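Student: Turn these sequences into a full structure, and let the hints guide you.
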Amino acid sequence: MLDHLEHLALVDFRNVEGVERLQKAIQFADQLHEVDTEGVEPMDSVLEDRCLYLREDDVTEGNCTKELLKNAREKIEEYFVAPPGNIPLPKLEERETFLQRS
Amino acid sequence: MAAAAAAAARGCERVWRRAWWRGAADAFPAPARAVACNARGGAAPAGESGLASWVPVVGLEIHVQISSNSKLFSGSQVQFAAPPNSLVSFFDASLPGTLPVLNRRCVEAAVMTGLALNCSINKKSLFDRKHYFYADLPAGYQITQQRVPIAVNGSLSYSLCIDNKMSQMVTKTVRIKQIQLEQDSGKSLHDDARSQTLVDLNRAGVGLMEVVTEPDMCCGEEAAAAVRELQLILQTLGSSQAIMAEGQLRVDANVSVHHPGEPYGVRTEVKNINSVRFLAKAVDYEIQRQIEELENGGTILNETRSFDSKLGCTVPMRDKEGKQDYRFMPEPNLPPLILYDAKSLPVNMNHQQVVNIDWIRERLPDLPSVKRAKLVELYGILPEHSFTLLNEDGLAEYFENVIKQTQMKPKKVIGWILNDLLSYLKQHALTVKDSPVSSFLLADLLNLLERREISSSAAKQVLEELWKGEGKTPLKIVKEKKLELIQDQKELEQICQSVIDRQEDEVMAIKVGNQKVLNKLIGLVQRATRGRSNPVLVKQILEKKLSE
Chain A
1 MLDHLEHLAL
11 VDFRNVEGVE
21 RLQKAIQFAD
31 QLHEVDTEGV
41 EPMDSVLEDR
51 CLYLREDDVT
61 EGNCTKELLK
71 NAREKIEEYF
81 VAPPGNIPLP
91 KLEERETFLQ
101 RS
Chain B
1 MAAAAAAAAR
11 GCERVWRRAW
21 WRGAADAFPA
31 PARAVACNAR
41 GGAAPAGESG
51 LASWVPVVGL
61 EIHVQISSNS
71 KLFSGSQVQF
81 AAPPNSLVSF
91 FDASLPGTLP
101 VLNRRCVEAA
111 VMTGLALNCS
121 INKKSLFDRK
131 HYFYADLPAG
141 YQITQQRVPI
151 AVNGSLSYSL
161 CIDNKMSQMV
171 TKTVRIKQIQ
181 LEQDSGKSLH
191 DDARSQTLVD
201 LNRAGVGLME
211 VVTEPDMCCG
221 EEAAAAVREL
231 QLILQTLGSS
241 QAIMAEGQLR
251 VDANVSVHHP
261 GEPYGVRTEV
271 KNINSVRFLA
281 KAVDYEIQRQ
291 IEELENGGTI
301 LNETRSFDSK
311 LGCTVPMRDK
321 EGKQDYRFMP
331 EPNLPPLILY
341 DAKSLPVNMN
351 HQQVVNIDWI
361 RERLPDLPSV
371 KRAKLVELYG
381 ILPEHSFTLL
391 NEDGLAEYFE
401 NVIKQTQMKP
411 KKVIGWILND
421 LLSYLKQHAL
431 TVKDSPVSSF
441 LLADLLNLLE
451 RREISSSAAK
461 QVLEELWKGE
471 GKTPLKIVKE
481 KKLELIQDQK
491 ELEQICQSVI
501 DRQEDEVMAI
511 KVGNQKVLNK
521 LIGLVQRATR
531 GRSNPVLVKQ
541 ILEKKLSE
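These protein sequence lines map, in sequence, to chains A and B.
Residue numbers for the first sequence follow the UniProt record's numbering, so the first one is 1 and each next one is one higher.
Residue numbers for the second sequence follow the UniProt record's numbering, so the first one is 1 and each next one is one higher.
Don't take each hint at face value.
To be verified - Coverage of chain A stretches by chain B, computed from C-beta distances (three or more under 8 Å per stretch; other residues unrestricted):
| id | stretch |
| --- | --- |
| 1 | 48 to 57 |
| 2 | 62 to 69 |
| 3 | 75 to 86 |
Keep in mind that the hints were calculated from the coordinates and are not lab data.
Remember, it's a predicted structure, so these values are computed and weren't measured experimentally.
Note that CB positions come from ideal geometry on N, CA and C, so glycine has one too.
Tutor: As structure tokens, this is what we get:
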């Protein structure tokens with residue numbers, strides 16, 4: 001499970017503290033099970049009774065290439081530069097992680 | 001089991017047989033040639049007994065770019081081929097503190113498309129986040145509609161020619177599972193040489209409709225025909241221009257094979273298909289690949305493959321590692337999307353905030369199938385003609401314009417449009433819009449023909465001249481080239497007589513009773529007059545003379 005989480009969220013549970021904190025977080029969330037939700041529709045947004053605002057199809061934004069690229073560590077001719085494709089997390093055996101030592 | 005029976009019931013009688021005769025020149029489905037899926041190939045040729053048969057199953061996921069001025073959740077412009085990262089707002093770049101605001105036009109486009117595909121429109125639909133990491137998805141998730149999409153349970157009817165002959169068409173239907181609104185991602189340009197990827201976010205956030213079909217198709221030809229019809233429908237509605245070459249219509253194919261009566265096989269997803277023609281090739285190749293793999297004792301991996309158009313084959317895609325966990329969650333920043341109809345219309349709401357399904361339904365234009373039926377009914381042309389007319393952008397309009405300006409019957413006009421005009425256009429790779437021969441000029445020419453001022457072969461010569469686009473009228477060309485029909489009876493009789501005098505053998509044959517030879521004489525007269533003689537008249541004169 002930890003391995004799966006590390007792959008998905010690209011988080012590194014590198015030491016005992018990290019894993020303990022994760023355990024505590026899960027325990028805290030488990031308290032939700034104490035509530036009886038029989039027959040209650042799950043709520044996915046506090047906005048559920050609000051009206052979803054519909055915008056007119058006008059062009060009102062964009063044209064701020066310079067500003068956007070200001071934050072980029074690397075850029076080439078107005079393109080953002082990224083590593084080639086997704087670099088998958090190395091297999092468990094090759095990673096330096098808490099799991100290795102457990 | 002039920003699915004296979006359903007497939008059979010839908011009339012997909014094509015059965016894929018073992019390729020033991022693969023060496024033969026006419027080996028079954030060479031990917032280059034799409035064979036009609038519903039060929040009556042039920043009976044196995046002698047000597048084939050004991051071979052396993054396969055049922056291919058094809059489903060499609062079609063991403064359609066919505067034709068709108070601005071993006072789905074932001075006000076940046078939607079435009080093909082603009083300077084990199086110039087059409088990107090802070091929201092599109094996923095900068096913190098930005099929120100999605102839904103574009104009304106995109107909602108309307110999705111409703112229109114759903115109605116045109118006979119879907120039920122969900123009056124309440126929801127938005128979700130689909131998480132995955134990729135450089136061209138700056139937020140790390142895509143806003144889509146996974147739980148309750150905007151439209152469900154529709155159908156798309158399309159037509160196929162049996163046995164590659166235009167004259168026999170059969171109608172098929174593929175069920176539409178759902179249509180959902182979602183964001184497009186940016187574009188990645190892979191620079192393998194320098195081991196980097198260049199990212200352009202101009203496309204990030206553009207509105208898409210994902211049309212998901214049920215796996216009701218069984219071969220490349222069906223998939224291609226269905227997509228072609230969808231393209232025409234979208235273009236007619238105006239909800240998308242659906243130009244595959246510009247990435248406005250992208251198709252992923254899900255393919256599997258199984259034996260009749262057994263459960264569905266493992267399916268693969270085929271991506272990177274850039275044209276309708278390649279779609280047919282890719283699907284047929286993948287079906288064949290899977291059959292061969294299974295017959296050689298191998299297994300099919302549930303993987304994503306990419307179509308290589310140069311080699312005509314599918315290859316495993318390198319970036320997709322194992323099964324993705326998208327961690328779907330509701331989009332917390334967007335309340336449910338509520339649509340209304342005439343009955344549920346709210347009284348006190350600002351009408352700009354209201355999308356009324358019935359209002360949209362009333363304003364739907366005639367869909368291609370309706371247009372074709374009308375053309376057939378109005379003008380008495382054949383169904384397959386109506387298909388060709390609608391398949392070529394602007395051709396149906398051109399045809400109707402010619403009809404308006406000529407006395408020639410539509411059934412004759414259609415021949416000139418489809419055989420002469422269209423083949424010229426194809427030869428010179430021109431669209432109807434760019435035709436050097438306008439509907440006005442063609443109608444003018446056809447009128448000369450109809451009034452029997454020129455012959456049919458002369459008309460073809462005039463058309464060739466008109467094609468040069470020098471601006472001359474048909475009448476002018478006729479006069480210049482002296483192509484008018486000979487009206488002088490005496491002159492015609494003289495020419496006929498001279499032909500009779502020259503062709504003694506043929507004359508004897510006719511006198512003995514071989515009437516067919518008469519056509520040869522008529523042809524010779526035509527040649528002698530350079531197409532300026534009326535064949536009916538010539539026949540009369542010749543017959544009269546020969547009976548004397």
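Student: If you test the structure against every hint from before, which numbers come out violated?
Tutor: none
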